[in-house]
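*Asks:* Using the sequences and the hints, build the whole thing.
First to last, the sequence lines map onto chains A, B and C.
full-length UniProt numbering puts the first sequence at residues 1 to 335.
full-length UniProt numbering puts the second sequence at residues 1 to 523.
full-length UniProt numbering puts the third sequence at residues 1 to 336.
Check the hints yourself; a few may be wrong.
Said to hold, decoys possible - Short derived list, chain A residues pointing at chain C, Cβ under 8 Å:
| no. | residue |
| --- | --- |
| 1 | Leu123 |
| 2 | Leu127 |
| 3 | Phe136 |
| 4 | Gly144 |
| 5 | Asn300 |
| 6 | Ala301 |
| 7 | Glu303 |
Said to hold, decoys possible - List of simulated lysine-lysine pairs, DSS-like, C-alpha gap at most 25 Å:
| no. | chain 1 | residue 1 | chain 2 | residue 2 |
| --- | --- | --- | --- | --- |
| 8 | C | Lys224 | B | Lys307 |
| 9 | B | Lys307 | B | Lys332 |
| 10 | C | Lys224 | B | Lys326 |
| 11 | B | Lys332 | C | Lys224 |
| 12 | B | Lys307 | B | Lys326 |
As the list claims (entries may be wrong) - Chain B regions said to be covered by chain C (calculated; three or more residues, Cβ under 8 Å):
| no. | segment |
| --- | --- |
| 13 | 77 to 85 |
| 14 | 161 to 167 |
| 15 | 479 to 491 |
Everything labelled a hint here was simulated from the structure, so no lab data went into it.
Yeah, the Cβ is synthetic: ideal placement off N, Cα and C, and Gly gets one too.
One-letter residues, chain by chain:
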Amino acid sequence: MNTLTARAGTSVSNLTRARMPMVATTVLLIVTVTAAATLQGNFFTPYGMTANFATILPIATVAVAQTIIVLSGGIDLSIGTIVTLSSVVTVRLMDGGDPSQVPLALAAGLATGAACGLFNGLLVAVLRLQPIVATFATSFVFGGVALLVLSSPGGTVPAVLTGGYRQVFAYLVPVPALLLLVLWLAWRLLRAQRIGQYLYAVGGNAGASYASAVPVTWVRVFAYTAGGTVAALAGVALLANSGSGDPFIGNELTLGSIAALVIGGTRLRGGAGGAGGSILGAIILTLIQNLVFFAGVPTNARELVNGAIIIIAIALAGLLTARSERAGRSEGRTA
Amino acid sequence: MASTAFLEMTGVRKRYGGVTALDGADFAAEAGTVHAVLGPNGSGKSTLLKVLTGVVAPDEGEVRLNGRALRPRGPRDTAEAGISAVYQELSLIDDFSVLDNLVLGVEPRKRGVRDRAAARRLALPWLERFAEAFGGRVPVDERVADLDPGERQVVEVCKALVRQPRVLVLDEATASLRRRQVEVLFDVVRELRESGVLVLFITHRLAEILAVCDRATIMRNGSDIRTVTIAEVPERDLVELMVGELAAAESTESSATDEVRLDVDGLSAGRLHDATFQVRAGEVLGLGGLQGQGQSHLLSALFGALKPRAGTITLDGETVQSRSPKQAVRAKIAYVPGDRGSQGLALGRPILENFALPSAGRRAWLGIGLSRKRELAAARAVAERISTRYGSLDDPVSTLSGGNQQKIVVGKWFPTEPRVVLMDDPAKGIDVRAKAELFHVVRELAASGAAVLISASDDRELVELCDRVLVLFEGRIVDEVEGDRLTEETLVSSAMHITEADRAVATTATADTDPAAPEREDS
Amino acid sequence: MSAPQTSTPTSSPIADRLRRAARDPVVVSGIAALALWVVAAIVSPAFASWSQILTLLMLASFLGVIAIGQTLVIIAGGEGIDLSVGAVATLAAIIGSRYMDGSNENLLLAVVLALGAAAIVGVINGVGILMFRVPPLVMTLGMIAVVYGFIRLYTGGRPAGSAAPALRTLVTGDTVAGIPGVLWLWLALSVLVIWLLRRTSYGWRLYAVGGNPNAAYLSGVNTKAVKLSAYVLSSVFAGVGGLLLLGYTQTVFLRLADPYMLPSVAATVVGGTALIGGVGGYLGTIIGAILLTVLDSFLRILQLGGGAGDAPRQIIYGLVLLVVLSAYGRQRRLRQ
Chain A
1 MNTLTARAGT
11 SVSNLTRARM
21 PMVATTVLLI
31 VTVTAAATLQ
41 GNFFTPYGMT
51 ANFATILPIA
61 TVAVAQTIIV
71 LSGGIDLSIG
81 TIVTLSSVVT
91 VRLMDGGDPS
101 QVPLALAAGL
111 ATGAACGLFN
121 GLLVAVLRLQ
131 PIVATFATSF
141 VFGGVALLVL
151 SSPGGTVPAV
161 LTGGYRQVFA
171 YLVPVPALLL
181 LVLWLAWRLL
191 RAQRIGQYLY
201 AVGGNAGASY
211 ASAVPVTWVR
221 VFAYTAGGTV
231 AALAGVALLA
241 NSGSGDPFIG
251 NELTLGSIAA
261 LVIGGTRLRG
271 GAGGAGGSIL
281 GAIILTLIQN
291 LVFFAGVPTN
301 ARELVNGAII
311 IIAIALAGLL
321 TARSERAGRS
331 EGRTA
Chain B
1 MASTAFLEMT
11 GVRKRYGGVT
21 ALDGADFAAE
31 AGTVHAVLGP
41 NGSGKSTLLK
51 VLTGVVAPDE
61 GEVRLNGRAL
71 RPRGPRDTAE
81 AGISAVYQEL
91 SLIDDFSVLD
101 NLVLGVEPRK
111 RGVRDRAAAR
121 RLALPWLERF
131 AEAFGGRVPV
141 DERVADLDPG
151 ERQVVEVCKA
161 LVRQPRVLVL
171 DEATASLRRR
181 QVEVLFDVVR
191 ELRESGVLVL
201 FITHRLAEIL
211 AVCDRATIMR
221 NGSDIRTVTI
231 AEVPERDLVE
241 LMVGELAAAE
251 STESSATDEV
261 RLDVDGLSAG
271 RLHDATFQVR
281 AGEVLGLGGL
291 QGQGQSHLLS
301 ALFGALKPRA
311 GTITLDGETV
321 QSRSPKQAVR
331 AKIAYVPGDR
341 GSQGLALGRP
351 ILENFALPSA
361 GRRAWLGIGL
371 SRKRELAAAR
381 AVAERISTRY
391 GSLDDPVSTL
401 SGGNQQKIVV
411 GKWFPTEPRV
421 VLMDDPAKGI
431 DVRAKAELFH
441 VVRELAASGA
451 AVLISASDDR
461 ELVELCDRVL
471 VLFEGRIVDE
481 VEGDRLTEET
491 LVSSAMHITE
501 ADRAVATTAT
511 ADTDPAAPER
521 EDS
Chain C
1 MSAPQTSTPT
11 SSPIADRLRR
21 AARDPVVVSG
31 IAALALWVVA
41 AIVSPAFASW
51 SQILTLLMLA
61 SFLGVIAIGQ
71 TLVIIAGGEG
81 IDLSVGAVAT
91 LAAIIGSRYM
101 DGSNENLLLA
111 VVLALGAAAI
121 VGVINGVGIL
131 MFRVPPLVMT
141 LGMIAVVYGF
151 IRLYTGGRPA
161 GSAAPALRTL
171 VTGDTVAGIP
181 GVLWLWLALS
191 VLVIWLLRRT
201 SYGWRLYAVG
211 GNPNAAYLSG
221 VNTKAVKLSA
231 YVLSSVFAGV
241 GGLLLLGYTQ
251 TVFLRLADPY
261 MLPSVAATVV
271 GGTALIGGVG
281 GYLGTIIGAI
291 LLTVLDSFLR
301 ILQLGGGAGD
311 APRQIIYGLV
321 LLVVLSAYGR
331 QRRLRQ
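*Replies:* Here you go:
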């Protein structure tokens, strides 16, 4: 009887421990939204919502892409340049404003992202290069190719995209927010597949997955390819938001994507977390950057403050997961 | 065995770098039997079964199952052929629920989406069958990381069973189980045997072999020695086959003095509970018992690599606060870790650097600058003393044989003039000659006044080498053997915690007795 | 049994030694650098002139000095890498130029402050990586943003000052034998670093930590202290590189040393220091730095770097890195 109650007690504490990152993320979200709503007068207006979600969507999308890869035990430091490359390919193909070219251009952009992801996936899964350096190297390849495709900012995005991106439904629901919802639903669908489960399995313990007849190599290739494809979507979102092409447009998103997923509770070593948290993480990150702006931090200090916030967030999240894992292990030993 | 055996493995060879794991092993077993694979550690039994399950790719050899050649490219292929394994190191995903782990790789689907209800239907019967092993509950949705080691092992067993295997491999699956859990497992194993499943069983526990196995194949040095029918072999012979011929070990001169060098009082760390003992200068103290009973934790706690929960350590009358290996080294404690490849040596670095690592600072000019001449001289002096064979001191350590590598792991401590030497199974996986030379080195260390603590997976080594042996079981010191009592037989029976009464029960092969796995005190 | 004393086994035949040399990254990169230079000299005879060679080596020296720390960090292992070297070099140059402000008066103070600031970045990197367990690549990548953010705050977007004349003389002046001072300095630093790695207990510990951190820890090495020191030294040497660059360019701009970030990794890896840690040395990095500088100059003559800015060079650097990685940076197979 005694052991039974003790067991119930530990499983409750286990539950709270497992949910801990999610609780922390939610608290952080509430705090930042409250602060933003206070400091940013027009936060809950159609204009404010559109402006916020228009900047959130690209970073959230890249964060989801990175999450798929990180869950599987990898990391993609080229993801920002994949965003850039697919966006410049898209903008080159639909330059001239002819709406009939839009579908083809979008398809080409997605294909570019998928191809880049596939390339990374093959390097990591088949050639067995360390993910972190291999994708670091490809980031220069993709970034260089992007510069060849579009050497300087330019190109115009058809009004269909830019206009559509700024639409608002039901007074407070802008199109980017709807797209974010669609992205999350797509993630849930992926999660429900076998491959969704295998992402977690491979990231959690590749050796054990292999011994359990999980197709580890294929799962890794899939993760990078899917990540590249989703990153290409972020490229399109950036284009729709800015209205023109830029050969550096997405490069800075790599670090942001990692920060967002870490804030959202995904473990950088893989196997735990999820894209939902990463979307929240991206929202928090964007709002914090807005706060830095609205709180009147001097222009010249903003870059430093933003950089410091990202680093501190990653470091604290790293410490938290290390702690809870250590606690979990020692508990397992004495149980 | 006839050539039509259900499972046949012939001429299987596997080398890892310079180490031969399997040296042309043959193996055959019939469906509907429980077949034990026995042998000391490093004899290749685990590797043999990993070849069968497809995790290890053999260099040579053939596997035939039910008359058909099996050439797996990986575990996916063997799983399809109906082979399931319960591994020694677990194949579970810690963050997954028990249910998700059970169906990993075989998730039922409905319209492309994972079907959790069907998964439950698939897994639940087995969990319910083992409910008793989970203390009466059915932990479908609990996270595997939150289960205790024994329960995880049971989950591992269920995971293999969910796949409905024709061949079930149990690789030391009982090592971390409690008595009740073993009982349930054995009931299931007997049912599987009835339904025509071949169960391959690796264990070190004699009583389990007697209780559930039909036949046994004994492995040594990477090949099979003999296959026997359990019922036809007297128990004593079986023990002999397991541990090797009980040749009278030549005991060496003791150099033990009366001076207490190391005094350990109530030390608890990791699996180790409340260890109290003394070691005298010049004494070689053995740590016996089955593997993983806390010997490694005792040694690493003494070295400061594992944080103790309680207890005091006194060295030459002074309390030692070894919170890190660095401090332990400063207090002149030396440590030879159990896994020389991953813990003892930087394999890619030159022999010279590996030799110098613990002591280079002492010889350095201003604590920094090294003289190549002086380093070479120091390394050569030690190498000669412990008769190490090498090409050049600048060659990577990985070019040496296992035995010579191990001598470097030991020899690198000589220049630090250790007062206490801790050795974790130092003779594991090295050949007979290197072993003899290594033991000579250990004796020499003791003769120079050091207190030596040594664990060994082979009891004969302890008999040969030690003045006194502490036997550990489930983290506690359960026996102290010295003098005339220090024989291999005493150690074997003491390690298995078998009394004469238990033996009598075991040999009658009553189903519900497993003396080897008594209830744990802390559960 | 005792052993032969020579460092290379004299008993082995010449063919064996040649085969071994053909697999030595230092030899391979050296031959590649030489071959590339010969090709470049054929395409453009100016390449072969003494002054052009000196210029090439001078350009290589900045990369070489910045890559010293990169080499130490990568040798120390644990996925060690320092991407912040470019930003740190820029930071040191900017602080240095502000305090020198074109005169020799505050030279010493300027150097101390610049290197001190660099060392602080190194400490932050080390603490983030060792205490907070942030992967080195992510930590140092993030530090780039922080350092540039700080530079922006510090300079208000407009870096001030210029190099001290003494620094300029040290870097570009023909001090001895008609060879620019910076090359002598590079030589001195190289000797120092190679000595540090090969003949000091610190160097041996660094290799041991990189080769097998468990074994090093269990031999009484304070592995965290060793790794921390590698990150601090990396930043300090990057700072030295930044100051030398300042002496060369006289004035500073915001992204002065940015182009050295990737090449510092590439030079180290091309020179045979493997990213798994515990393997390699600074001699290889020197060769790697020269090889990349020759390659870079060659691409410039071919005018590949013309209209599209950095693009082709970026792509080629990336591909070179990938090729080298596939040659000796692979991970373990799943199936044993």
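*Asks:* Evaluate each hint against the coordinates.
*Replies:* Here is what the structure says about each hint:
1. Proximity of leucine 123 (chain A) to chain C holds as hinted, the smallest CB-CB distance being about 7 Å (cut-off 8 Å).
2. Taken as an interface hint, leucine 127 (chain A) checks out: its beta carbon lies about 5 Å from the nearest beta carbon of chain C, inside 8 Å.
3. For the restraint placing phenylalanine 136 (chain A) at the interface with chain C, the shortest Cβ-Cβ distance is roughly 7 Å, inside the 8 Å limit, so the hint holds.
4. Satisfaction of the interface hint for glycine 144 (chain A) is found here, the shortest Cβ-Cβ separation to chain C being roughly 4 Å, below the 8 Å cut-off.
5. Given the 8 Å rule on beta carbons, the hint for asparagine 300 (chain A) holds: about 5 Å separates it from the nearest Cβ of chain C.
6. Checking alanine 301 (chain A) against chain C: minimum C-beta separation of about 5 Å stays under 8 Å; hint holds.
7. Interface hint at glutamate 303 (chain A): satisfied, since its Cβ lies 4 Å from the closest Cβ of chain C, which is below the 8 Å cut-off.
8. A threshold of 25 Å between alpha carbons decides the hint, and for lysine 224 (chain C) with lysine 307 (chain B) the separation of about 18 Å falls inside it, so the pair holds.
9. Between the alpha carbons of lysine 307 (chain B) and lysine 332 (chain B) the distance comes to roughly 19 Å, so the proposed pair stays at or under 25 Å and holds.
10. Our distance criterion of 25 Å between C-alpha atoms is met by lysine 224 (chain C) and lysine 326 (chain B), whose separation comes to about 12 Å.
11. About 22 Å separates the Cα atoms of lysine 332 (chain B) and lysine 224 (chain C), which keeps this hinted pair within 25 Å; it holds.
12. Simply put, lysine 307 (chain B) and lysine 326 (chain B) have alpha-carbon atoms about 14 Å apart, close enough for the 25 Å limit, and the pair holds.
13. Counting residues of the segment 77 to 85 of chain B whose CB lies closer than 8 Å to any CB of chain C gives 0, so the stated coverage by that chain is violated, three being the minimum.
14. Evaluation of the coverage hint for the segment 161 to 167 of chain B: breached, as 0 residues show C-beta separations to chain C shorter than 8 Å, against a requirement of three.
15. Given a C-beta distance limit of less than 8 Å, the hint that chain C covers the segment 479 to 491 of chain B is violated, as 0 residues qualify and 3 are needed.
This entry does not satisfy hints 13, 14, 15, going by the numbered hints stated previously.
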